[in-house]
Amino acid sequence: MSILLNRDSRLIIQGITGSQGSYHAKVMQEYGSNLVAGVTPGKGGTSVHGVPVFETVQEAVAYCGVDGSMVLVPPSYCLDAVAEALENGIKLVVVITEHVPVHDSMKMRAMAKAHNAYLIGPNTIGIITPGQSKLGIMPGFLYGAGRLGMISRSGTLSHETASNLYLRGIGFSTCVGIGGDPIIGSDFTDFLRLFKDDADTDGVIIIGEIGGNREEAAAEYLRRVGYPKPVFAYIAGKTAPPGKKMGHAGAIIQGGAGTATAKGEVLAGAGVRVAGSLEELVVMVEQWWEATH
Numbered sequence: 004m005s006i007l008l009n010r011d012s013r014l015i016i017q018g019i020t021g022s023q024g025s026y027h028a029k030v031m032q033e034y035g036s037n038l039v040a041g042v043t044p045g046k047g048g049t050s051v052h053g054v055p056v057f058e059t060v061q062e063a064v065a066y067c068g069v070d071g072s073m074v075l076v077p078p079s080y081c082l083d084a085v086a087e088a089l090e091n092g093i094k095l096v097v098v099i100t101e102h103v104p105v106h107d108s109m110k111m112r113a114m115a116k117a118h119n120a121y122l123i124g125p126n127t128i129g130i131i132t133p134g135q136s137k138l139g140i141m142p143g144f145l146y147g148a149g150r151l152g153m154i155s156r157s158g159t160l161s162h163e164t165a166s167n168l169y170l171r172g173i174g175f176s177t178c179v180g181i182g183g184d185p186i187i188g189s190d191f192t193d194f195l196r197l198f199k200d201d202a203d204t205d206g207v208i209i210i211g212e213i214g215g216n217r218e219e220a221a222a223e224y225l226r227r228v229g230y231p232k233p234v235f236a237y238i239a240g241k242t243a244p245p246g247k248k249m250g251h252a253g254a255i256i257q258g259g260a261g262t263a264t265a266k267g268e269v270l271a272g273a274g275v276r277v278a279g280s281l282e283e284l285v286v287m288v289e290q291w292w293e294a295t296h
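Each residue of the sequence shown is one higher than the one before, counting from 4 in our numbering.
A hint or two may mislead.
No more than 25 Å apart at the CA atoms, straight line, and that leaves these computed lysine to any residue pairs for SDA-like [said to hold, decoys possible]:
| id | residue 1 | residue 2 |
| --- | --- | --- |
| 1 | 29 | 80 |
| 2 | 94 | 54 |
| 3 | 46 | 62 |
| 4 | 46 | 65 |
By construction, these hints were calculated from the structure, which means they are not laboratory data.
As the structure is a computational prediction, the values presented were derived from the model and not from experiment.
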């Protein structure tokens, strides 16, 4: 099993005729993703790497049926692209684009909730079910198939963690990059719920970072439900100075809130096994895996 995405998922790219859309369409095909169509207004009737291009999402959905869409359009067009996907019944929308206006992100999140859909991003690497499909821009060869779930705010730290565990023979059921912006569509808690009910996910890794309260909200959820699976976490940004943005737009400490230390303490209080470094995280997971499998 997996969450949200598998080898049968029928996928499209909105913005497929652009340089990034075309490149990632090819990479997704090589990985084995079931890429059935692309959408670019004004380019309908053409094709990219053999994938038919439609004028609208409505046409693509009517022609081939669509389970998920990856949005690779400029920031000012993202709101319309997401709205079009959601209004045509697509339940998984991944927004790769960076620098989406905050008000647009707020509107996209509200629309996704109204349509009971999962919006991943903006500013995300996407989602991958290793060995089956990816709807994102991560290098698939770093991610081995297995029985761990991963939810991360950082693409780079996701890649490093996945590859280091893969070298140790430990893989993943599904990995999700939730995005690094202050406002995102789906959060740690949304995916913890899905992993909780996935019979083929034995444990979950959370990779957080300074800023916001997403990790604290996840800790509250874990404590409230008595999460039945082990959860491991690493919080990046321990040495970040208050008030200074560190990489992601959402990675900024406001006053005394949102520090790595505070987030780690809250998660530990909810029963999460918190690592002080990525290296420690990998060792911690490896030791648990060897003891239980």
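Taking the hints in turn, this is what the structure says about them:
no.: 1; hint: 29 - 80; result: holds (23 Å)
no.: 2; hint: 94 - 54; result: holds (21 Å)
no.: 3; hint: 46 - 62; result: holds (13 Å)
no.: 4; hint: 46 - 65; result: holds (17 Å)
In this structure, none of the earlier numbered hints is contradicted; all agree with it.
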